[in-house]
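Whenever a hint applies, use it, and build me the whole structure from the sequences.
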Amino acid sequence: MSVKLGLKSLLTLLYGLGLITSLSLSYYSYYIQSAGLNSAKNILTRVNNAELWQGLYALHRNKINRATLGLLRKEKSWHQDVLKLNYQMIELINSRDLDSPDLLNSLQKQMSMLDDPLKLEEPKDLITSLKNEERIIKGIIKNNKDLVKVENQSFLGDIKLWLELLSRYSYGMSFLFSLFLIALHFNKLTQKKLLKEQKKREFMLDALDNAVVLLNKDKLIISHNQKAKMMWKGLGDIQGQKVNELFPLVSEINENEELVDTSFEDSPIVGLANGDYILGLRLKSFGLEWYSLTIQTYKDELYLLSLTNVTGLIQANQTIKKQQKHLIHQSKLTALGQMSGGMAHEINNPLAIISSEAEELLEIAEDEGLVAKADALSISSNIQKTADRIAKIVKGLRVFARQDKGEDYSSFPLNILIEDVLAMSSEKFRANGVEFTVTLPENNRDILLLGNEVQIIQVLVNLLNNAFDATKEQKERRIWFTWKQEDDFQLISIKDNGPGITENNQEKVFDPFFTTKKVGEGTGLGLSLSHSIMIEHEGDLYLNKEVSNGCEFIIKVKCFRELEEKWAG
Amino acid sequence: MGGLNLLIVDDEDLLVESLARFFARKDFNVLTATRVTEAIGLIHAHDIQIVITDMRMPDGLGTEVIKAARHKHKGAIIICATGFSEADEATILKGGADLVVSKPFEKKAILSEILSRLAS
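Residue numbers (numbering that gives the first Met the number 0), protein chains in the order written: chain W, 0 to 568; chain D, 0 to 119.
Don't take each hint at face value.
Straight-line C-alpha distance at most 27 Å; calculated DSSO-like pairs for lysine-lysine [as the list claims (entries may be wrong)]:
(1) D:LYS25 - W:LYS372
(2) W:LYS391 - D:LYS107
(3) D:LYS25 - W:LYS384
(4) W:LYS372 - D:LYS107
(5) D:LYS107 - W:LYS384
(6) W:LYS391 - D:LYS93
(7) W:LYS516 - W:LYS391
The set of hints was computed from the structure by calculation and includes no laboratory data.
All values derive from a computational prediction rather than experimental measurement.
Listed below in structure tokens is the structure:
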């Protein structure tokens, strides 16, 4: 950097110096010429009126040379005077012996009589210069130029005059030349600056976290930054390619929270209209990633596409939505549980009164002979059963009121629990002609679960009973129990070949009191309770919607160690 | 069953009435109370052999009634009827009750329990 600076400064200095020098020299020579010319004019005027020697001396003293006289001769008004001088000088040279000492003495004498403040000190010098002139003047005589053809004198042959002329204009030319050089230099500087700016801009674009792509009006890629290159590296060099190449498959989340894959042509970005879009792209190296795409058009001549990876945000958003759904479901149940506490008392008491009084009535009627004993017994039994049913429902709700976990939890081997449950169910199933297929994980090690054993049994039994009931109408009743481990989760699936659950009902299946059974057969609390229990165990219970020829519920729960850490911390 | 005093304690008037009528027909001498204070008053004032009490009452819990009854009438049969078990069965039994039933209950069943305990 400092070397470059030094070079630039040096160049500038040289230009400056050159400029100044040429300017000065030109001006100086011009000045000298003007001065010379003016002096010559002055002197010649006096020569006409005075002694020739004085005139010659004055010319010599003022260093007015032949060249100046030559220039003066060109000026029309001085033309004759110069000619006359030349003629006089010729005469002088021809008539006198310049080397004679008499001449010198005579000169000295004449000079001493002059008023001219410029007194001659060395008349010898004058004679010497005149002697020098002798040669030139004799040359002039020889050529006959001065005496004969004056008007037609072309000064192209006179090189010295040319140089004088050149020097008159040299200041202008050197100035122009310097300007030219400076302009050249600055042009180069500007170029360098532009290049630097361009490099800066490129650097900025490449440093962006956004992938930026520029398209021309034919939607071909004319420019892109480093990030874009990286993003679409599977396509090789994207320069010049059509924009559809960048978006082979576009994914969106529709209103039903489902992932939908469309082609570029069917996606909302096909027109490249101004706007912001969120879409998913499957680019070879990365799998499905979500991007926020901003499109800006400039008069349909240019399209600017800018993409930012927002996969993290989208995933977080989806997780939140899922959790919200769960929360809402849970809060419904919790509200129910909270109500049930007070409700129980409020319902059981009136219930007790009704059943009590009804019983009373019957007994009295029986005693009075108004009703037969058998009838009385039957009626009484019905009343009691019905009252019990109501009481059971209210009791069932109490489970939702349970808030704290961890208190009656213990760690127990899930595999042994499952064995016990299966043993129970297998008997029942076999006795009823149900084909029961059990698949357990290969390694028979103890899988510990932290939770409430009774509740887990409740869940399994509930699901197995449901499966059993669902297959009642089937000729060949089949139930599958599959347990496998996936990542950190234990997945237990209970599947039956019953009629399955209709699409309408699929959303409601975990709602409390929802049941497809006939009135009196079940409270509709089983699945909602089971679901609640699994959530409390930091797991899940869900319906496998992809099953069409029956129904499959899947229990998902994590093994012991991780759960414990969560609760400990 | 002449002479046996049976105390029914419940804040539900209608229920008390129903039970009272029933046990009266079975020849018990029925005493009733709808408040804990009232009940305890009766416990101290009379010789009670059987107590049927509810748990939740506006001015206190049935456990207080049970405690007072057990203290005053050591051999009494004390039955706790509850619509909602805040405390669990074991605690109520420890508190002095002989039997815990949940509402609604069958009066005849209670009667047979009482009779069997009287017999022993």
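Checked hints:
1. D:LYS25 - W:LYS372: 18 Å, holds
2. W:LYS391 - D:LYS107: 20 Å, holds
3. D:LYS25 - W:LYS384: Roughly 24 Å separates the two Cα atoms, so the pair holds.
4. W:LYS372 - D:LYS107: 15 Å, holds
5. D:LYS107 - W:LYS384: Measuring from Cα to Cα gives roughly 14 Å; hence the hint holds.
6. W:LYS391 - D:LYS93: Roughly 26 Å between the alpha carbons, so the hint for LYS391 (chain W) and LYS93 (chain D) holds.
7. W:LYS516 - W:LYS391: 17 Å, holds
Comparing the model with each numbered hint stated earlier shows that all of them hold.
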